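Based on the sequences and whatever the hints tell you, model everything.
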Amino acid sequence: MTEIKQGDIVLQARGITKRYPGLVANDHIDFEIRAGEIHAILGENGAGKTTLMSILFGLTHPDEGEIYVFGKKVNFRSPLDAIDLGIGMVHQARKLISAHTVLENILLGHPHAGAILDMKKTAEEVKQLCDAYGYKIDLNAKVWHLSEGEKQMVEILKALYRGAKILIMDEPTSALAPPETEKLLETIQLMTKNELAIVPFITHKLPIVLSVSQRVTVLRRGKIVARLNTAEATEQSLAMEMIGREVLFNLKRPDVKIGKPILQVENVSIYDDKDYWAARNISFEVREGEIFGIAGVSGNGQQPLAEALAGLRKVSAGRVLLQNEDVTRLSSLKRWKKGIGYIPSEQRAVGSIGDFSLVENLLMSYYYDDQFVKWGLIDTKKIRQLAQELIEEYNVATPNPDVKARNLSGGNLQKMILARVFSRKPRLIIANLPTQGLDVGAMEFVQNKLLEEKKAGAGILLISEDLDEIMALSDRIAPMYEGEFMDILPGGSAQRETVGALMAGHKQKAVQA
Amino acid sequence: MWEFWIRSLNASTIFAIAGLGEVVGQRAGVMNVGVEGAMLFGATIGFIVAKTTGSYLLGFLAGIAIGALIGLLHAFFTITLHGDQVVNGMGIWILGFGLTTYIGSPYAGPLGMGRIPTIGGLSPFFFVALVLTFVIWFVLFKTHWGLRIRSVGENPTVAEVSGINVVRTRYWSVIFSGAMMGLAGAVYALDYNPVWSYNLLMGWGFIALALVFFSMWNPYILLSGAILFGALWQVSLNPESFLPNIFSRYIWRTFPFVITIIILVIMSTHWFSSRWGAAKPEALGLPYEKD
Numbered sequence: 001m002t003e004i005k006q007g008d009i010v011l012q013a014r015g016i017t018k019r020y021p022g023l024v025a026n027d028h029i030d031f032e033i034r035a036g037e038i039h040a041i042l043g044e045n046g047a048g049k050t051t052l053m054s055i056l057f058g059l060t061h062p063d064e065g066e067i068y069v070f071g072k073k074v075n076f077r078s079p080l081d082a083i084d085l086g087i088g089m090v091h092q093a094r095k096l097i098s099a100h101t102v103l104e105n106i107l108l109g110h111p112h113a114g115a116i117l118d119m120k121k122t123a124e125e126v127k128q129l130c131d132a133y134g135y136k137i138d139l140n141a142k143v144w145h146l147s148e149g150e151k152q153m154v155e156i157l158k159a160l161y162r163g164a165k166i167l168i169m170d171e172p173t174s175a176l177a178p179p180e181t182e183k184l185l186e187t188i189q190l191m192t193k194n195e196l197a198i199v200p201f202i203t204h205k206l207p208i209v210l211s212v213s214q215r216v217t218v219l220r221r222g223k224i225v226a227r228l229n230t231a232e233a234t235e236q237s238l239a240m241e242m243i244g245r246e247v248l249f250n251l252k253r254p255d256v257k258i259g260k261p262i263l264q265v266e267n268v269s270i271y272d273d274k275d276y277w278a279a280r281n282i283s284f285e286v287r288e289g290e291i292f293g294i295a296g297v298s299g300n301g302q303q304p305l306a307e308a309l310a311g312l313r314k315v316s317a318g319r320v321l322l323q324n325e326d327v328t329r330l331s332s333l334k335r336w337k338k339g340i341g342y343i344p345s346e347q348r349a350v351g352s353i354g355d356f357s358l359v360e361n362l363l364m365s366y367y368y369d370d371q372f373v374k375w376g377l378i379d380t381k382k383i384r385q386l387a388q389e390l391i392e393e394y395n396v397a398t399p400n401p402d403v404k405a406r407n408l409s410g411g412n413l414q415k416m417i418l419a420r421v422f423s424r425k426p427r428l429i430i431a432n433l434p435t436q437g438l439d440v441g442a443m444e445f446v447q448n449k450l451l452e453e454k455k456a457g458a459g460i461l462l463i464s465e466d467l468d469e470i471m472a473l474s475d476r477i478a479p480m481y482e483g484e485f486m487d488i489l490p491g492g493s494a495q496r497e498t499v500g501a502l503m504a505g506h507k508q509k510a511v512q513a
Numbered sequence: 001m002w003e004f005w006i007r008s009l010n011a012s013t014i015f016a017i018a019g020l021g022e023v024v025g026q027r028a029g030v031m032n033v034g035v036e037g038a039m040l041f042g043a044t045i046g047f048i049v050a051k052t053t054g055s056y057l058l059g060f061l062a063g064i065a066i067g068a069l070i071g072l073l074h075a076f077f078t079i080t081l082h083g084d085q086v087v088n089g090m091g092i093w094i095l096g097f098g099l100t101t102y103i104g105s106p107y108a109g110p111l112g113m114g115r116i117p118t119i120g121g122l123s124p125f126f127f128v129a130l131v132l133t134f135v136i137w138f139v140l141f142k143t144h145w146g147l148r149i150r151s152v153g154e155n156p157t158v159a160e161v162s163g164i165n166v167v168r169t170r171y172w173s174v175i176f177s178g179a180m181m182g183l184a185g186a187v188y189a190l191d192y193n194p195v196w197s198y199n200l201l202m203g204w205g206f207i208a209l210a211l212v213f214f215s216m217w218n219p220y221i222l223l224s225g226a227i228l229f230g231a232l233w234q235v236s237l238n239p240e241s242f243l244p245n246i247f248s249r250y251i252w253r254t255f256p257f258v259i260t261i262i263i264l265v266i267m268s269t270h271w272f273s274s275r276w277g278a279a280k281p282e283a284l285g286l287p288y289e290k291d
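Quick mapping for you: the protein sequence lines, in order, are chains A and B. Mapping of the first sequence onto the working numbering: residues 1 to 513, in sequence order. Mapping of the second sequence onto the working numbering: residues 1 to 291, in sequence order.
Just so you know, the hints here were simulated from the structure itself, not pulled from any lab data. Keep in mind that this is a model prediction, so the values were computed, not measured. Treat the hints loosely; a few may be bogus.
To be verified - Quick list of the computed label-pair ranges, beta carbon to beta carbon:
hint : chain 1 : residue 1 : chain 2 : residue 2 : range
1    : B       : Val-87    : A       : Ser-298   : 53 to 59 Å
2    : B       : Thr-80    : A       : Gly-410   : 30 to 36 Å
3    : B       : Leu-286   : A       : Asn-267   : 36 to 42 Å
4    : A       : Asp-138   : B       : Val-87    : 40 to 46 Å
5    : B       : Thr-80    : A       : Lys-338   : 38 to 44 Å
6    : A       : Ile-116   : B       : Glu-282   : 24 to 30 Å
Stated by the list, open to error - A short, non-exhaustive set of chain B residues, derived as facing chain A with CB atoms under 8 Å:
hint : residue
7    : Ser-248
8    : Arg-249
9    : Tyr-250
Where a beta carbon is used, it is the ideal one built from N, C-alpha and C, also for glycine.
Okay, structure coming up:
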């Protein structure tokens with residue numbers, strides 16, 4: 001391979017087209033990537049990013065179009081071909097084997113790994129890479145011990161050790177805490193100095209795109225709608241290109257009188273599936289018309305806490321009061337009847353049954369209601385009628401209510417779940433990652449619906465990993481770290497940096513600030 | 001006493017060889033609950049070939065070959081056709097049970113060849129099992145091959161993006177695993193007890209299967225477990241010499257199986273999996289489909 005200089009074109013795509021039944025995922029995509037640049041590819045969910053990424057990494061075959069790597073035309077049969085040509089990929093869902101050590105993961109599939117593994121030599125070589133980018137990591141640690149940020153490091157190291165010259169990153173910051181994000185950005189900027197081309201694919205987090213990338217390509221509905229130098233772009237202009245209309249970045253927080261406490265949580269502790277503490281000594285209350293936000297990186301105990309409050313997980317110690325009534329030991333069904341509404345984080349696994357129609361999914365919140373089910377018989381007409389009304393009210397894009405839930409897009413499915421939960425008029429709403437994975441349009445819809453419920457006087461417990469969302473919606477904010485609330489801050493006056501530091505466990509720093 | 005230990009070690013040889021095969025398959029993510037079936041094939045075909053040709057070597061080779069073929073069959077149904085591993089494994093057992101009874105009946109009776117020489121009563125295959133234990137441990141944990149096998153068993157998607165051919169790796173592991181079961185069956189019918197009779201293995205394949213879970217997928221623990229069960233089996237055969245007149249001999253006979261059930265129940269509890277579950281190949285039993 002000839003020497004690559006800064007600014008050389010390393011990868012070029014011409015007329016990439018990929019069709020799926022009923023949709024063109026990529027429509028004649030042209031772009032090029034140069035050595036030493038960070039070239040962000042931006043687009044909503046469903047804009048064709050994933051397809052494009054899969055094509056560049058050899059996971060999917062394009063119907064039309066050509067890819068040139070280092071000036072040579074290539075035809076990827078599998079990711080192996082792409083890897084061999086110097087394309088590395090850092091996946092959003094970590095592609096690491098948790099039971100293996102860091103070193104084993106890095107070595108897996110490496111062409112120079114001899115029949116008998118030379119762990120010592122590999123360790124030395126990987127150490128050099130670590131030193132070059134200021135990574136500190138125990139190479140013999142099992143991957144499941146590592147934090148999200150460290151796992152990402154391992155993926156990057158693995159790609160670099162395989163000799164990657166072009167690094168594709170899928171939503172690189174989505175699982176990271178703010179300090180880890182900063183570290184990542186530092187590292188990738190350092191990498192570009194070594195002629196590495198970095199191509200992050202990003203849905204939201206527009207400020208990050210603006211802060212590090214040199215160029216941005218925006219996709220919408222499978223087509224490239226904008227090619228910009230980042231210097232010329234603003235957050236608003238990028239968002240507009242992405243969704244094709246202006247977005248409100250400042251949600252209007254309605255003035256609502258905060259009323260009596262609805263939910264009181266007293267010294268609650270919860271175990272996780274592996275019998276370790278997931279949450280310890282949590283105490284807080286949610287009041288009428290209040291949004292109580294729990295901020296935190298995933299895996300810090302928010303999920304078990306939400307499940308425990310919804311009655312899906314045992315509370316090991318402490319009490320949960322709903323409108324002054326002890327509900328600690330009540331079943332989920334009794335809690336729904338008493339006015340708790342639960343929006344689970346996994347829309348498809350927990351929030352809906354894919355093979356059931358929307359009507360049947362709606363019934364999951366109505367089967368215990370005498371108005372809809374009498375003597376064990378479902379009043380089909382009535383529930384169907386309700387489904388139709390809700391579909392209209394919540395703007396769910398579906399031809400009819402008999403469509404299977406699995407056929408809805410993420411955004412539409414989430415709208416349907418919200419419709420189901422909110423139509424029961426809950427007094428307390430537990431919203432666990434309500435906007436995760438949604439595109440900007442659907443996200444805005446969900447956030448506005450939450451604000452509407454707040455206006456109607458419901459208490460809302462909002463759990464989110466999106467700091468911007470928490471900051472914009474919450475009346476009070478509890479940053480959660482390793483199963484504990486680091487603090488409870490007033491939403492209006494809390495500093496973004498303070499919350500970010502607290503959710504990464506830096507209590508000391510926050511106190512000073 | 002000496003006699004007892006020799007018999008125990010000879011029996012453990014068969015548990016160990018079959019179990020080691022199953023370990024390799026399960027490390028690659030494919031469970032074959034039809035160990036008994038594959039062993040019956042190895043035992044019966046090996047027995048028939050040895051008896052008709054008069055050659056032990058051909059007998060063992062035939063046992064290994066038929067085992068590998070059963071492995072290939074299992075691989076085709078579970079890997080290529082994405083069939084359920086447990087259901088297909090049960091199918092292999094039922095097929096093995098029925099077909100070998102049919103094929104083997106005309107050959108019922110003793111092998112009628114000179115016994116394979118022993119070392120003070122100990123079968124040379126015991127040493128084969130020792131070597132295989134070490135070799136399989138070394139391959140699994142010290143070579144790139146082993147890393148690939150373990151990776152496709154832990155997380156085939158990850159292995160695929162690392163450039164591993166998941167299907168090929170699983171195929172070879174399952175074929176090897178079947179060959180080992182066939183060998184174990186042949187060792188039983190040609191060396192341990194060279195007589196063909198109806199249902200000659202009496203459930204040894206299921207004990208070998210249980211041993212794999214007991215071993216936490218580690219060849220050394222598997223070997224120790226095999227020796228333990230070899231001894232248990234001998235105790236169950238001659239309880240009078242150890243604990244006379246406590247239970248009827250028929251109750252003693254059930255002991256290895258009762259203990260097998262107890263081990264499997266303990267292993268499947270939440271208590272166990274939350275403490276030791278990490279050893280289990282994560283993708284065990286799951287078909288791999290590329291998207």
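Against the structure, the hints come out as follows:
The hinted range of 53 to 59 Å is not satisfied by B:Val-87 and A:Ser-298, whose Cβ atoms lie roughly 36 Å apart. Separation of B:Thr-80 from A:Gly-410 is about 32 Å and conforms to the stated range, judged on CB atoms against 30 to 36 Å. For the hinted restraint 36 to 42 Å between B:Leu-286 and A:Asn-267, the CB-CB distance of approximately 40 Å keeps it satisfied. Here the CB-CB span from A:Asp-138 to B:Val-87 is close to 42 Å, well matched to the stated 40 to 46 Å.
Checked against the given bound of 38 to 44 Å, the beta carbons of B:Thr-80 and A:Lys-338, roughly 52 Å apart, lie outside it. For the hinted restraint 24 to 30 Å between A:Ile-116 and B:Glu-282, the CB-CB distance of approximately 25 Å keeps it satisfied. Using the Cβ-Cβ criterion of 8 Å, the hint placing B:Ser-248 at the interface with chain A is not satisfied: the shortest such distance is roughly 42 Å. With a least beta-carbon distance of about 43 Å to chain A, the hint placing B:Arg-249 at the interface is violated under the 8 Å criterion.
A hinted interface residue such as B:Tyr-250 counts as satisfied when its beta carbon comes closer than 8 Å to some beta carbon of chain A; here the least separation is about 41 Å, so the hint is violated.
Hint compliance for this structure: hints 1, 5, 7, 8 and 9 are broken, all remaining hints hold.
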